[in-house]
Amino acid sequence: MRWPWLARSLHKWLALIVGVQLAIWTLTGLYMVVVHIDIIHGDHLVRTPPKPRFDLTGLRSPASLMDHGSDHSARLIALRGAPAYVLDGADGRRVVDARSGAPLIPLNQAEIEPIAKSIYAGEGSIETVELLAEAPMEIKNRAVPIWRVEFTGLGDPTLYISPQTGELVARRHDLWRAFDVAWMLHIMDYKERTDVNNPLLRVVTAAAAVTAISGAWLLVYSFPKRKRRRARSAT
Amino acid sequence: MNLLLLRRLHKWVGLVLGLQLVIWTISGAAMAWIDHHAVAGEGLSVEQPVRHDDTPAAPMETLIRTAGSSQAEGLRTFFVDGRQVTEMATPKGRLLLDASTGAPIFIDKDKAMAIARGAYAGEGQVGGVVHHATPPLEARNASGSLWAVAFDDKPKTTFYISQATGEIVEQRSRAYRAWDFFWMLHNMDYANRSSFNHPLIIAAALGSVWIALTGVLLLFKVFRASDFTRLARWRT
Numbered sequence: 055m056r057w058p059w060l061a062r063s064l065h066k067w068l069a070l071i072v073g074v075q076l077a078i079w080t081l082t083g084l085y086m087v088v089v090h091i092d093i094i095h096g097d098h099l100v101r102t103p104p105k106p107r108f109d110l111t112g113l114r115s116p117a118s119l120m121d122h123g124s125d126h127s128a129r130l131i132a133l134r135g136a137p138a139y140v141l142d143g144a145d146g147r148r149v150v151d152a153r154s155g156a157p158l159i160p161l162n163q164a165e166i167e168p169i170a171k172s173i174y175a176g177e178g179s180i181e182t183v184e185l186l187a188e189a190p191m192e193i194k195n196r197a198v199p200i201w202r203v204e205f206t207g208l209g210d211p212t213l214y215i216s217p218q219t220g221e222l223v224a225r226r227h228d229l230w231r232a233f234d235v236a237w238m239l240h241i242m243d244y245k246e247r248t249d250v251n252n253p254l255l256r257v258v259t260a261a262a263a264v265t266a267i268s269g270a271w272l273l274v275y276s277f278p279k280r281k282r283r284r285a286r287s288a289t
Numbered sequence: 219m220n221l222l223l224l225r226r227l228h229k230w231v232g233l234v235l236g237l238q239l240v241i242w243t244i245s246g247a248a249m250a251w252i253d254h255h256a257v258a259g260e261g262l263s264v265e266q267p268v269r270h271d272d273t274p275a276a277p278m279e280t281l282i283r284t285a286g287s288s289q290a291e292g293l294r295t296f297f298v299d300g301r302q303v304t305e306m307a308t309p310k311g312r313l314l315l316d317a318s319t320g321a322p323i324f325i326d327k328d329k330a331m332a333i334a335r336g337a338y339a340g341e342g343q344v345g346g347v348v349h350h351a352t353p354p355l356e357a358r359n360a361s362g363s364l365w366a367v368a369f370d371d372k373p374k375t376t377f378y379i380s381q382a383t384g385e386i387v388e389q390r391s392r393a394y395r396a397w398d399f400f401w402m403l404h405n406m407d408y409a410n411r412s413s414f415n416h417p418l419i420i421a422a423a424l425g426s427v428w429i430a431l432t433g434v435l436l437l438f439k440v441f442r443a444s445d446f447t448r449l450a451r452w453r454t
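Quick note, the sequences are listed as chains H and W, same order. With the first letter of the first sequence counted as 1, position 9 gets the number 63 in my numbering; the numbers rise by one all the way through. With the first letter of the second sequence counted as 1, position 69 gets the number 287 in my numbering; the numbers rise by one all the way through.
Same shape as in the complex, but just chain H (with noise of 0.2 angstroms):
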C-alpha cells in the first residue's frame, strides 16, 4: 500500500464526516477565546455588593433555630434590613427572622425592584418583572418561584433573584445565551446542553482526532522540498 495514498484517503473521507462538525468547532472555539469570561457571565451588569456588617447582640445563634434532623446549614444575611438566617437542609430552604426564630416571607415585586435597581450597574432601566414557577432553561437547575427583572439595555440584560433571600442568583445577557449556543454546538448535546460524555461527541472527536493526525502526516509528502532532495539524492 502506498503511504500517501492512505493519509490522503483516511484525511479526505474522514474529513467529509466530520469536516462541517470541525468548522463549527473552530467557529464556536473562537467565539469562546474571543469573548472574555467575565464579560459572558456578566460581571459588568453588577455592583459588588458592599460588605455586611451585623451586630450579633441579641441574636439567637444559628444552630438553636436549625430543625434537628433536617437542616444541614445555617447563615446569616441581611433582609428588609434586618437580621435574617437562612436555613437549608433535606426539607428545603427556610429564612427566619435572626432575633425571634419567626418564618419570614417571600420578597414582593415592590420590594424586588429596589434591590434589582441596587445591583444593577448596567445601562438602562426596568422593562419587567416576573415571577416564575418554573425555571427557564437559561438558569435550569435553579430553584424556583424566582424573580426574574428585565432591564432595557443593550443585550437584554436579566437578573435572576432570590424572592426568599433577596440575592442575585443568576444574571444572563446576549452574550451570555450566545456562548450558551457556542458550548451546546461545541460538547455536541442538543438537548441539555450539559453531557460532554455523549456518545455522538465521542465518535466525532475521535473521529476528528484521526483527521487531524491523516492531515499533519500529509504535510510530510506536500512541500516539494522533499521531492527535490529524493530527487537529488538519486542522481
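The hints are simulated quantities; they were obtained by calculation from the structure and are not laboratory data. Do not take every clue at face value.
Said to hold, decoys possible - In silico lysine-lysine, DSS-like type, Cα no more than 25 angstroms apart, as pairs:
| hint | chain 1 | residue 1 | chain 2 | residue 2 |
| --- | --- | --- | --- | --- |
| 1 | W | K329 | W | K374 |
| 2 | H | K66 | W | K439 |
| 3 | W | K372 | W | K229 |
| 4 | H | K171 | H | K194 |
| 5 | W | K229 | H | K66 |
| 6 | H | K105 | W | K310 |
| 7 | W | K372 | W | K327 |
| 8 | H | K105 | H | K194 |
| 9 | W | K374 | W | K327 |
The hints should help you fit chain W onto chain H, whose structure is shown.
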C-alpha cells in the same frame, strides 16, 4: 477560487498550526471519553449523615464572648465531621467555634485526617497529609490554606480540607488529573490551566478557523464522481 491556491493556503497554515490541531482534537476526544462524574470526584466520598446530638446549641452570648467581638461580617453554621460548627467572620479575623460549647476549633493535621477519613468512601488508608499555605494547582478554585489528605488507593484520591473551616473543598483523583492535563492542552494556558482568553489561543483559533473553512471548501474540489462509484462498488 483557484484550487491550487486554496490547497496551498490550507497546507501552509496547516504546517504552522498542524500540531495544535492534532492536540486540540486529541485532547477534545480525551475529555469526551473521560467520565465527567469521575472527574468531579463523585463516589470518592459519602454524604455525611447529619448527626445531631441532644446537647443544646450555645447561645449567641457565648459565641460573642469567645470571639471577643459582637461585630461580624458573616456567620455560618454547618457540619464538620458530624459536629455542628459556627464560622464567624469578625473584623479581626475568621474563627471556627463548636456550635454546642462555643469553644474554638482548630483544624490541625489530626483533625484534617479525621475529617477526611470520616467522609472517605474508598478502600485505602491515609498515605500522607500535606499542608498548603496557598492552594496548589489541582485545588486552584479553593482559597486560603489547605490540608491535602492523600489516600493510598487505586484512584489516588486526595481530599483538600480548608484549614479555616474544616470543609472538604476539593476531591481529586486520577480521572480529574488526566482530564485537567487534557484541559490544559485544550486551553493552551500551560502555567495556570484556567484562562482560555489569552492572545496565543486567540491567534491559534483564528488560524484553525481558516484551516477548517478552507478544508470544507476543498472537500468540494478533491472528490470526484469516481470516488463515490468506487464506494458504491465496495458496498455491493
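Discussion item. Name the hints, by number, that the structure is in violation of.
Written reply: Numbers 3, 8 - these are the hints that the structure violates, sorted from lowest upward.
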